[in-house]
Amino acid sequence: MKLVALIDYLRNRLKTVVRVCFALLAVLELLDAVPAIVDKEHAHTWAEHVPGFWALWGFVGCAVLIVVSKWFGHLGIMTREDYYDE
Amino acid sequence: MSDLWLHPALILILGSVLIPLVPARLKKAYLFLIPVLVFARIVGMAKGTFGVVQFLDWTLTFGRVDALSAVFGYIMSLMCVVGTLYGLHVKDNAQHVAAWIYVAGSLGCIYAGDFITLFLFWELMAFSSVFLIWLRQRPESLGAGYRYLLVHVAGGVALLAGMVLHCKATGSWSFDAFNVQQPTLAAWLVLIGFILNAAVPPIHAWLPDAYGEATFNGSVFLCAFTTKTAVYALCRGFPGMEILVPLGVIMALYGVVYAVLENDCRRLLAYHIISQVGYMVAGVGLGTQMAINGACAHAFAHILYKGLLFMGCGAVLHMTGQSKFTELGGLYKKMPWTFVFTLIGGLSISAFPLFSGFVSKSMIVSAGFEEHKLWAGFLLMLASVGTFLHTGLKVPYFIWFGKNNCKKETWDRAAEPPWNMNAAMIAASALCIFIGCYTPYLYKMLPYPEAAGAYHPYTSYHVSETLQLLLFTAVGFFWLIKKLEPEPTISLDMDWFYRMGGRIFLALARKPIQLADNFVGEVYRLAGLIPLMISARLAGKFDNRVIDGAVDGLAELVCRIGNRLRFVQRGQMQESLAMAFVVAAVLIVVFLLSHNAFAR
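Which chain is which? The protein sequence lines are A and B, in order. Quick note on this note's numbering: the first sequence kicks off at -4 and runs consecutively. Quick note on this note's numbering: the second sequence kicks off at 63 and runs consecutively.
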């Protein structure tokens, strides 16, 4: 099971993996800020010209979706599993 | 020559009828061969109108093959090959028969040129697909199947009413685009029939209810055909219908919100069907060439990656018997390849660059921005965040990593699935990546190939935008992962109304209706039965005294006359002869006298 070994290898070095990921994210944001590399000619709104706009949209959107959905769910939408049982 | 046109659905229907007769050792080969034949038939099909049949006063068109129906027919038959391969080892013939007839229904709808043919196949789909739910044979599946059927029959009635009104108004049964600027009542009714099958809220709850309860490979079929046939019908009938844009955006977000709450992985994926079909519905509502292309391309990509996701979760269900996050976890040690395939499906649905969703979903979002519907564009981007959050992150994480909630028997059962399930997942994964990497394959099939050719998904901005959006979603996911821990709950949805509505009806039936029934029974007894008895008694007396009296009296009279006559008739031959002669003589005399009198 080479695939399992690979996954275990990465899991055992989780801290390093996370660091590499954050470094890559930083590089992505830097590249986004360079007009010569990321050409924003086709952007439709001013907001999209702000470097890192979509990163913010993704991060905030994710947090909002989780928090709002869970709040909504705990209003009574989420209920016990045998709710419909007679 | 149209008589000789071989409908691909016919191959499937005949093929399904013969399944029980195929010897066991040839069955796998046969099950693989028939869908491949259907796919080959569709790939080799010329464009045009075929299979026109005159039936009573109607002209039925079974084969309208144009750019729109061709692309949908292609992907449906391709999915039939992959789906059948996935369930190749299933011994229950009924499941294969139901699945193929279901696909045949979908193909029939897609190539139908008139409403009658469309309706026929539309109902065939509903009535065959329900068996994919029932055949799981749990008590819950029986109920879910009946609810599924109930909702689809209601939608079918709306569709039927709409098409009859439409024919009355226009004098034609042909299925073409409606006037979306001034929709008539007929158009609204047909639209309701279509969007019910597309699972647009508030008439969407049948989908997670049914797809979470179907057999492990039944859901692979279900997730592809019903909703995407509806998307086809919307593309055909309602391009540019304004209301579909907000409805589509609501769908996209609704599915995402419910997916956060869901504890069953297949129900979570079902909510994401609603979300993804939302993009397509919004695309149809935008109605531009690019948007329609986008809706078709997204349907094409969606069928493959959603099929792949259902195959991955179906494999987990098949091998472990569990589909709830609270019963799973840490399975990467047991099913690593299933994890990889599901992840590929997750990356495709999330529209990662180099995966299929990237080249299809972005067309719809771009069309939204270009039509200056900025709110639609931004909200669809938010729905993309939710898509990656659940399907790309939550599903793989809580099944294959996360806290190991497996019971001992679940853990012991877990293993990689049989070869045919792996082969189907490999094929679907390869197609997802191929579509994402080589865009002309899909773009050349779209209804407006020129517009598609002019669209380039791989611009630096689009890649940067998508990567930022998705990767920072991942950051948010790991940041808030505590909040996402699965909870052993179910979520109430619109099906509450008819599930509890049924109970209210039953409670009504038990109490007030039964009371009313008793009351009516009592009134009937007092006002009806008692007078009836009295009148019957009177009639009896009347019968006894009057009628019997008259009859008896008459009989007595006859008896008395008979007694008198008895003495006259003594049986002496001579007397009798004498009397006969006397009577004859009297008669002759009377005759002669009267004759002479008349003669004179």
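Rather than coming from a laboratory, the hints here were simulated on the basis of the structure. A hint or two may mislead.
[Stated by the list, open to error] Some chain A residues close to chain B (C-beta under 10 Å, calculated; not the full set):
hint: 1; residue: 3
hint: 2; residue: 7
hint: 3; residue: 15
hint: 4; residue: 18
hint: 5; residue: 34
hint: 6; residue: 40
hint: 7; residue: 51
hint: 8; residue: 60
hint: 9; residue: 65
hint: 10; residue: 67
hint: 11; residue: 68
hint: 12; residue: 74
hint: 13; residue: 76
hint: 14; residue: 77
hint: 15; residue: 78
[Unchecked claim] Here are the computed lysine-lysine pairs in the DSS-like style, where the Cα-Cα straight-line distance is at most 27 Å:
hint: 16; chain 1: B; residue 1: 465; chain 2: B; residue 2: 386
hint: 17; chain 1: B; residue 1: 544; chain 2: A; residue 2: -3
hint: 18; chain 1: B; residue 1: 544; chain 2: B; residue 2: 395
hint: 19; chain 1: A; residue 1: -3; chain 2: B; residue 2: 89
hint: 20; chain 1: A; residue 1: 65; chain 2: B; residue 2: 89
hint: 21; chain 1: B; residue 1: 435; chain 2: A; residue 2: 10
hint: 22; chain 1: A; residue 1: 10; chain 2: B; residue 2: 89
hint: 23; chain 1: B; residue 1: 506; chain 2: B; residue 2: 386
hint: 24; chain 1: B; residue 1: 395; chain 2: A; residue 2: 65
hint: 25; chain 1: A; residue 1: 65; chain 2: B; residue 2: 544
hint: 26; chain 1: A; residue 1: 65; chain 2: B; residue 2: 470
hint: 27; chain 1: B; residue 1: 153; chain 2: B; residue 2: 89
hint: 28; chain 1: A; residue 1: -3; chain 2: B; residue 2: 470
hint: 29; chain 1: B; residue 1: 465; chain 2: A; residue 2: 35
hint: 30; chain 1: B; residue 1: 386; chain 2: B; residue 2: 573
hint: 31; chain 1: B; residue 1: 465; chain 2: B; residue 2: 573
hint: 32; chain 1: A; residue 1: 10; chain 2: B; residue 2: 465
[To be verified] Derived CB-CB ranges, DEER-like:
hint: 33; chain 1: A; residue 1: 59; chain 2: B; residue 2: 250; range: 51 to 59 Å
hint: 34; chain 1: A; residue 1: 67; chain 2: B; residue 2: 308; range: 42 to 50 Å
hint: 35; chain 1: A; residue 1: 12; chain 2: B; residue 2: 189; range: 35 to 43 Å
hint: 36; chain 1: B; residue 1: 238; chain 2: A; residue 2: 42; range: 47 to 55 Å
hint: 37; chain 1: B; residue 1: 247; chain 2: A; residue 2: 80; range: 36 to 44 Å
hint: 38; chain 1: A; residue 1: 43; chain 2: B; residue 2: 308; range: 58 to 66 Å
hint: 39; chain 1: B; residue 1: 250; chain 2: A; residue 2: 0; range: 25 to 33 Å
hint: 40; chain 1: B; residue 1: 495; chain 2: A; residue 2: 12; range: 48 to 56 Å
Even glycine gets a Cβ: it sits at the ideal position worked out from N, Cα and C.
How the hints compare with the structure:
1. Nearest Cβ of chain B to the Cβ of residue 3 (chain A): about 8 Å, under the 10 Å cut. The hint holds.
2. Interface restraint check: residue 7 (chain A) against chain B, minimum CB-CB distance 13 Å, threshold 10 Å, status violated.
3. Taking 10 Å as the C-beta contact cut-off toward chain B, the hint placing residue 15 (chain A) at the interface is violated, the least distance being around 13 Å.
4. Interface hint at residue 18 (chain A): violated, since its Cβ lies 12 Å from the closest Cβ of chain B, which is beyond the 10 Å cut-off.
5. For residue 34 (chain A), the shortest C-beta to C-beta distance to chain B is roughly 6 Å, which falls under 10 Å, so the interface hint holds.
6. A cut of 10 Å between beta carbons decides the hint on residue 40 (chain A): the least distance to chain B is about 6 Å, and the hint holds.
7. Interface hint at residue 51 (chain A): satisfied, since its Cβ lies 7 Å from the closest Cβ of chain B, which is below the 10 Å cut-off.
8. The interface hint given for residue 60 (chain A) is met, as the beta carbon of that residue sits about 5 Å from the closest beta carbon of chain B, less than 10 Å.
9. The restraint placing residue 65 (chain A) at the interface with chain B holds, with a minimum CB-CB distance near 6 Å, inside the 10 Å limit.
10. Satisfaction of the interface hint for residue 67 (chain A) is found here, the shortest Cβ-Cβ separation to chain B being roughly 6 Å, below the 10 Å cut-off.
11. At its closest, the beta carbon of residue 68 (chain A) sits 4 Å from a beta carbon of chain B; the interface hint therefore holds under the 10 Å criterion.
12. Taking 10 Å as the C-beta cut-off, the interface hint given for residue 74 (chain A) holds, the closest approach to chain B being about 6 Å.
13. Checking residue 76 (chain A) against chain B by beta carbon gives a least distance of about 5 Å; that is within 10 Å, so the hint holds.
14. The interface hint given for residue 77 (chain A) holds, since its Cβ lies 9 Å from the closest Cβ of chain B, which is under the 10 Å cut-off.
15. About 6 Å separates the beta-carbon of residue 78 (chain A) from the nearest beta-carbon of chain B, less than 10 Å, and the hint is met.
16. Proximity of residue 465 (chain B) to residue 386 (chain B) is assessed by CA-CA distance (about 13 Å); at most 27 Å being required, the pair is judged to hold.
17. Pair hint residue 544 (chain B) plus residue -3 (chain A) does not hold up; C-alpha atoms about 31 Å apart against a cutoff of 27 Å.
18. Between residue 544 (chain B) and residue 395 (chain B), the direct Cα distance comes to roughly 23 Å. Compliance with the 27 Å bound is thereby established for this hinted pair.
19. As the CA atoms of residue -3 (chain A) and residue 89 (chain B) are separated by approximately 34 Å, the hinted pair breaks the 27 Å bound.
20. Taking the CA atoms of residue 65 (chain A) and residue 89 (chain B), the gap is near 48 Å; set against the 27 Å cutoff, the hint is violated.
21. Distance check on the hinted pair: residue 435 (chain B) and residue 10 (chain A) sit about 43 Å apart at the alpha-carbon level, beyond 27 Å; violated.
22. Proximity of residue 10 (chain A) to residue 89 (chain B) is assessed by CA-CA distance (about 51 Å); at most 27 Å being required, the pair is judged violated.
23. Taking the CA atoms of residue 506 (chain B) and residue 386 (chain B), the gap is about 40 Å. The hint is violated against a cut of 27 Å.
24. With a C-alpha separation of about 31 Å, the suggested pair residue 395 (chain B) and residue 65 (chain A) falls outside the 27 Å cut-off, and the hint is violated.
25. Of the supplied pair hints, the one linking residue 65 (chain A) and residue 544 (chain B) holds, its CA atoms being roughly 12 Å apart against a limit of 27 Å.
26. Proposed proximity of residue 65 (chain A) and residue 470 (chain B) is contradicted: the alpha carbons are some 31 Å apart, above 27 Å.
27. With a CA separation close to 10 Å, the supplied pair residue 153 (chain B) and residue 89 (chain B) stays within the 27 Å bound.
28. For the suggested pair residue -3 (chain A) and residue 470 (chain B), the alpha carbons sit about 25 Å apart, so the restraint of at most 27 Å is met.
29. Among the hinted pairs, residue 465 (chain B) with residue 35 (chain A) is inconsistent with the structure: their alpha-carbon atoms are about 42 Å apart, more than 27 Å.
30. Note on residue 386 (chain B) and residue 573 (chain B): the hinted pairing is violated, with a Cα-Cα distance of about 38 Å set against a maximum of 27 Å.
31. Distance hint between residue 465 (chain B) and residue 573 (chain B) is unfulfilled; the C-alpha atoms sit about 49 Å from each other, more than 27 Å.
32. For the proposed pair residue 10 (chain A) and residue 465 (chain B), the alpha carbon gap of about 19 Å is at most 27 Å, so the pair holds.
33. Remark: the range hint 51 to 59 Å for residue 59 (chain A) to residue 250 (chain B) is contradicted by a beta-carbon distance near 35 Å.
34. Take residue 67 (chain A) and residue 308 (chain B): their Cβ atoms lie about 20 Å apart, and the range 42 to 50 Å is violated.
35. Distance hint for residue 12 (chain A) and residue 189 (chain B): a CB-CB separation of about 51 Å, inconsistent with the stated range 35 to 43 Å.
36. In this structure the hint that residue 238 (chain B) and residue 42 (chain A) lie 47 to 55 Å apart at CB is violated, the actual value being about 41 Å.
37. In this structure the supplied range 36 to 44 Å holds for residue 247 (chain B) paired with residue 80 (chain A), their Cβ-Cβ distance being about 41 Å.
38. For the hinted restraint 58 to 66 Å between residue 43 (chain A) and residue 308 (chain B), the CB-CB distance of approximately 23 Å leaves it violated.
39. Distance hint check for residue 250 (chain B) and residue 0 (chain A): the Cβ-Cβ separation is about 59 Å, which falls outside the suggested range of 25 to 33 Å.
40. Under the hint 48 to 56 Å, the C-beta atoms of residue 495 (chain B) and residue 12 (chain A), about 23 Å apart, miss the expected range.
In this structure, the hints that do not hold are numbers 2, 3, 4, 17, 19, 20, 21, 22, 23, 24, 26, 29, 30, 31, 33, 34, 35, 36, 38, 39, 40, in rising order.
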